[in-house]
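So the chains spell out like this:
2 protein chains.
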Amino acid sequence: MLTVAIYLKFAFFLSLILLTQSRPPWSKLNQKCGYEFCPHLEPDMINVHLVSHTHNDVGWLKTYEQYYWGMKTDTQRAGVQYILNSVIPELAKDPKKRFIYVESAFFWRWWTHQDEEMQNLVKQLVNQGRLEFIGGGWSMNDEAATHYSPIVDQMSYGHRFLASTFGKCGIPRVAWQIDPFGHSREQASLFAQMYFDGLFFGRLDMYDKKQRESDKTMEMVWSGSDDLGEKSHLFTGVLPNGYNPPDGFCFDDTCSDEPIVDDPASREYNVPRKVADFIEVIRNQAAHYATNNIILTMGSDFQYQNAPIWFNNLDKLIAAMEAEKKNGLKINVFYSTPSCYLYSLYQANRTWTLKTDDFFPYGSTDHSFWGGFYTSRPAIKRYERVSNNVFQAIKQLHAASNLTDEKTFDAVDNFHRAMGILQHHDAVTGTEKQLVAFDYAYILNDAIEKSMDLMNRALQFISSKDKSSQSNSDPQYTLCLGLNISQCEVVESNDKVLVTLYNPYAHEYDFKVRIPWQESNYKVTGPNGESLNATIIPIPGFMQDFPERKSSATHELLFKATLPALGFASYFVEKVSSNKPTPKLETILPLTTSEAPITAQGKGFSASFDPSTGSIQSVSLANGKVVKLRQKYQWYAGYDTPKEPPSGAYLFRPKGPASGFPDQPTYQIFNSPDCFEVHQNISDYVSQTMRIYPDDPFIEFDFKVGPIPVADKVGKEIISLFQTDLKTNKVFYTDSNGRQMMKRVKDFRPTWKYKVIEPIAGNYYPINSRISLKDEDEDLQLVVLTDRSQGGASLNDGELEIMLHRRLLHDDSLGVDEALNEPGVDGRGLIIRGKHYVLISDIKSSNILHREKGMQLYMAPVVAFAPISSFDDYRANHKTIYSFLQRALPPNVHLLTLEHLNLNNWLVRLEHFYQSNEDPDGLSKSVRIDFRGLFNTKSVHGVKETIITATQYHSEARRLTWKTKDSQSTREIETEIGNEVHDFVVTLKPMQIRTFLLRLDD
Amino acid sequence: MLTVAIYLKFAFFLSLILLTQSRPPWSKLNQKCGYEFCPHLEPDMINVHLVSHTHNDVGWLKTYEQYYWGMKTDTQRAGVQYILNSVIPELAKDPKKRFIYVESAFFWRWWTHQDEEMQNLVKQLVNQGRLEFIGGGWSMNDEAATHYSPIVDQMSYGHRFLASTFGKCGIPRVAWQIDPFGHSREQASLFAQMYFDGLFFGRLDMYDKKQRESDKTMEMVWSGSDDLGEKSHLFTGVLPNGYNPPDGFCFDDTCSDEPIVDDPASREYNVPRKVADFIEVIRNQAAHYATNNIILTMGSDFQYQNAPIWFNNLDKLIAAMEAEKKNGLKINVFYSTPSCYLYSLYQANRTWTLKTDDFFPYGSTDHSFWGGFYTSRPAIKRYERVSNNVFQAIKQLHAASNLTDEKTFDAVDNFHRAMGILQHHDAVTGTEKQLVAFDYAYILNDAIEKSMDLMNRALQFISSKDKSSQSNSDPQYTLCLGLNISQCEVVESNDKVLVTLYNPYAHEYDFKVRIPWQESNYKVTGPNGESLNATIIPIPGFMQDFPERKSSATHELLFKATLPALGFASYFVEKVSSNKPTPKLETILPLTTSEAPITAQGKGFSASFDPSTGSIQSVSLANGKVVKLRQKYQWYAGYDTPKEPPSGAYLFRPKGPASGFPDQPTYQIFNSPDCFEVHQNISDYVSQTMRIYPDDPFIEFDFKVGPIPVADKVGKEIISLFQTDLKTNKVFYTDSNGRQMMKRVKDFRPTWKYKVIEPIAGNYYPINSRISLKDEDEDLQLVVLTDRSQGGASLNDGELEIMLHRRLLHDDSLGVDEALNEPGVDGRGLIIRGKHYVLISDIKSSNILHREKGMQLYMAPVVAFAPISSFDDYRANHKTIYSFLQRALPPNVHLLTLEHLNLNNWLVRLEHFYQSNEDPDGLSKSVRIDFRGLFNTKSVHGVKETIITATQYHSEARRLTWKTKDSQSTREIETEIGNEVHDFVVTLKPMQIRTFLLRLDD
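Those protein sequence lines, which keep their order, are chains A and B. Under full-length UniProt numbering, read the first sequence as residues 1 to 1002, first letter to last. Under full-length UniProt numbering, read the second sequence as residues 1 to 1002, first letter to last.
Check each hint, because a few of them may be wrong.
Each pair may be met inside one copy or between any two copies, as identical chains are not told apart.
Think about it this way: if two alpha-carbon atoms lie no more than 30 angstroms apart in a straight line, the pair counts; the simulated DSSO-like pairs of lysine-lysine are [claimed, not checked]:
#1 LYS326 <-> LYS743
#2 LYS835 <-> LYS330
#3 LYS316 <-> LYS72
#4 LYS316 <-> LYS123
Honestly, the hints are just simulated from the structure, not real lab data.
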């Protein structure tokens, strides 16, 4: 019921914008809620901005729910409801006090429980700048294990909630990533596109920080994208003390610092001592910052549950400092906010250095590289990616079907919230306690389940030929999320199954459908009733002992589906009990002892495999080049002295170089015209299928890892190592949140002198979608696409390694207080499945192929199964193939978002998904899209461009601009494109994302 | 400055009463602040009184100051300022909420820091019964280690503060002893005299509690005194759960119970489960209580620092229960107070059982008898007693001198506060951390030091013959608090010293003055210039290695001073450097080996000592009876398994019977006509002087114990054991807070079947002033008077043992988290000195002697020293002997209190200090005192009787009366005596204390 209320608010707000085409409520109010409320600065003094804040993890040691309500205080004294309950009255009492709130997931929860009186009070405080939303995403998302698609969603969902609740004054102006463990360049770029005036964060490499302190470059301009230029510039400040108060001045009731005792009659009177200490803190900090303003973060994790204690002591401290000021001290101390601090820096009107790389990896001590979490909890990381895939499809189906009942909006809202929670920097990162990880899985499962009704109704609505007569006999689809372990109950328990593939990617392509199957005859019928080629391939033996797996399938039925762009195609699969012989694989090679290499032909290449091990040996390209390609599995022993930082949920600290597996792999090969597979057993807990389709340029490595054995008391971290003869000269590339590629150089940092202490962990970088090597001389590129976020490196020229799974026996003392030792369903340790897609090609082809494949992987077809009795009957009443698009989008344009906001209003994000240098004369060029006639059954009646969060019209949004040493000039951010979209035609430049509100009719 | 403000308030308030002789402000206001504000009860339901409360130890793990300000949160998260800051706004927001506050020491502190707006808000809340003071003493005093004199003071001081600040509505109606470790009958009697309508407490023997639960006698009427009868009746309730919330319902932010999650949309929604649990709690509790009302204490130690959390959850719980009530549940849950609960019991109009014994000892488990604290920290216990002695003298001097400047009132207020703090049940009990014990010593020292100016000015004012010409040459007195270790700097560094003895006891008597001396000649001159007999006696050798001692004195100069009642006498002591030979002791026996007993003659008895050991053997009375009397030291090994309760600060749990000291004692005897002394060494850490004065019926045992050796890892508890041949039949007697005597029977409890599990600790009782044995057949009584509170028992007929000192190596797991291992000044372990006064006599004589001696010991002369050059000159300008009384008080009347309230108004408490049965035909009779002409230089112009706390006129005060099974009748408490004191004559009955406000002129 609460959800409904919120949905209605959103809906009301947005319909106002779109139906009336008038100015939105936030600008109507003409509120004074910018920097005008900021405290008075003293130009000749050090101005000390005290920022009262709380940092509320959306799950970590406790679940999101437990944190909200304040349960399990024996684990952590943390209850978010109490924080907001406590802070608001304090703000109401004293107009000088300020507080910021960050995580919309919690604020929304609290807000829905408040009565109107409290809501009005809070609105007043927000309008007066006394309570300010900073950051404002649904959670404070991680930047290393996240993909840009859910980042954009979760930031937008938080901002849309704030904007619809509070209007203009609720929209955050400052990004606030105080806790994430390193910072990505793509995140900076996205923040710039969210029109944040600046970003503050707390964690960066300790040597980077030292250098910046000594150079007074703790604050800078960060260029988020080479492609987007100054539009991606983001003022960025490193906070002095993480996000904690200075030593001795934590007055939260969870802290142990001395309170200010201001009664001179008391034996504990300590004002002179505390003032002297505070002046020292201020002077020390001012020495490291460029202006006469400094910021002190007066708060920390879940602080201000008892806000009066904090404020009581800060009041006394301010009063004592004020007294010193009257005595001539040139220090001005006051309650402030990050935005007011930011504005004071802006007013300083100086020139800042320009940062163009990113803040990975994060080393907090010489041996503490926070690179373990790139891979920690690989199952959750994959589940998050799958869920986002489903969610994007669900949103599109919702829009396309024009379902407008509350239940459907509830399901979408619920999914938004789930995905928002999962982006939190202790969620998808895997740095949470086990019980919290289970809860995240529950949340995702719940979101998917609650969207199934919407999916079914949408598919029915769209597919039904006679919309007036939807019947109960319509097929009831279910997803088989167990397909990765060859399990699908609906297929096993029914002989006739409708398989509908919904393609959320706005381009047509062929897709390999694989359905768990028993060794019976089959018949596959295509959307138009045509009989299709299909084959069955044995499931690898190593899948038989998968404890999660409840299936008697022994094979997978494989056929190729041709998917319409942004649409669906329905297939019909039958078990045939006839006398006809079961079609067999044309060739099955048993375990071979032949010495001649085994070869398999893919699209544009052939691969050869070592007959003694089954391992890949080389790839020959169509142009005749032969590239050596070895792939093997290895493992790191986690550093296991508990006192020194061991490898743990956060940290990667291997004891030494990786070890190989001692036994020679065993394998089986299955071949058919449709597919070549090597089933290879590396050890008793590492196995894989290598797979080549003749029409696919990628080689799939489909691995199973786990349960990692730890009976020897050694924690282990498993990698997949690719070795080539490419000349790479220490350089490799990793993507940034699935978008732009970052150049990485082994043992090197672009902005400070790097000393190699951890030769392995110090070179690990986050991979969200791909990692690559280039040999420019040979015009060769190796790309490995991943199916989830992982960590990886190139430790030797021509090599890439990717960490797949980790099981560790020591906590790394960063708060979780649990070793990363996932039990799996049977307690023996978690087993994971995963895929790498490996491409070796010339660089330009490779760029196009990996960009396309990357989109197809994260926006993969959603395969829905429903038992039906007759495909002919079904086809009589239903469309079996359909695209929402009247014409395909240009090949370099991605439909990042299609979301039904209300009635006939859609939120659409279009993305140019090439960087400028990837195909300069082709797909990297700018591209035009015409909204007119783009959609089937819907026509676009109006288009308004907004900023990426859809909270402000693009034409009205403004950002502070900052001078850099490079640019040396201040100018308004251009708005040359897309201000108003009168002619329905928009242009996209490389890497550009543009966001539109579309008004449509049926 | 704060002190001044408070003094002025007090002064203003009380001057109003006395100068105008009109009705005091509390009654003028005619406020409705009684039981009228109590919540509505449902007659057919269980009425559940939720009492939100906090228990604020006035020092325990942290000092009083540290608790107030909330320092050292790593020791305990407890800051009283925050509690009151937090609670008041919650009360202000919701008229249904109630809160009680108990400890005036903290409330006063907080109050002085509030602005007028807050003070007015609090007054309003108090007047409306929303904030209610319960208990209201300066602290929640202990009942086992305390003396009634400071108990009366500290309760009155707290109540006077509340009455003067809030008027009638501030005066507590309910006593609240939720945490003290056992409950004394005298405390009940005093509470009755404070006009409390009832008492609630939390701790009683577990078997007592079980019995009462099963009998539904958790609530009763307690008769506080056989002598005072129904006037001492006190309704008494045992709280169900100590003072804690029921399991699962502690919602403080320091607790770990689940909050109420009342959002059905939440996965953590728990209302149905919490409601079911709560109903079970209520039903279980109601089954043990007599009426359809139950009380739930919703709070605990230092809770409500974050009051909104508690109230937020209670609100939800009440709402959920209210919903069940609407569905037919016969349970009514509401915010209430102890007084409203009490009143609901009163309204039940039933008959209650009558309790006549007390609640000692307190056994919380089979092996946990809380009897260690009767003796723990013996030095602090003595220091507290000495300080009260000085304080009573200071107050009298303040009154007698008529000093009215603020500084003098400040000094008295400061002393009141210090003594109030020391009465706390973790102060004088010795159950605090070591650093807190040091702080208590500091507080006492500070109080004494800050009163020295008042003492000097008062003595000068009183003694000066020409009041108009006080000169700077007036003597500057100092006290020598080191006299117990034969140290007095002023005597050592001056040859001529004025020794003024102020006698706060309102009776004349002879007193032995002992002054540290070197072996030089001396001359002692009496008040009238007469030369006095004196002698010097060697200081025992065992005093030479006292680490505290900074003195080269080798002897004590002994002379007898004759003290005027309530007055002073000045003596002059000179070191004589003449050629006259130093008068020697007439006889000094060196170490003897003779076999004939050594005898010494006291008043009415002679004692014989064993020549081989120096130990006492027997006492021969004047009537010819010879009583065997052996005294020896023994020690208990503390139970030292940390897991099971060991002996600790609270608990006494000996491993087994006491052990003797192995070596034969050595001794020296010194004899003179004035004094007989045996200096006896028992072991290298136990020694004593046995002392007999020819004119004194008591034998003094003046012991030194410590440092107790623990190198053998065995904690030890040292006792003094007296063995006689009295036939005592398991019966012995201990005093209750220094007043009425309580009969104790070994291995027996009067009100429940007692199973002996701890044969020693289970028989230990608190001794505050005396322990005695009676042999009725032989008409013999042994009384041992102590100089401080100690624990003791009679484990065998004819025997008494008293625990002197304890040094233990394990914490007893009751919160202190430190072993009771006092370091002493040099870290080797605390050494203590102490005295027992032993009397063997016929019962009637004994009663008179021990009653008088008891008074003289706790109100001992304050001996002040000042260097002067000439006694003759001094005598020319000063009175040297003076009594404030024109005539002696009757011999059975004690001036318990003489305190200068303001201008010419005195607070006077008179006490009949005999029980009815102690001298039935003599001193136990009622006695009349006439105030007219009683005081020198002051005449009494008006007398108003008040209740004991001086907050209400006796004639106007009312208490609820309760029917008992014994009385079966309800009647108004008589006010037949002292309603108005028109004729200046008052009558005192045995054990009665009457309190008066006197208006005087010079």
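Return the numbers of the hints above that this structure violates; sort them in rising order. 1, 2
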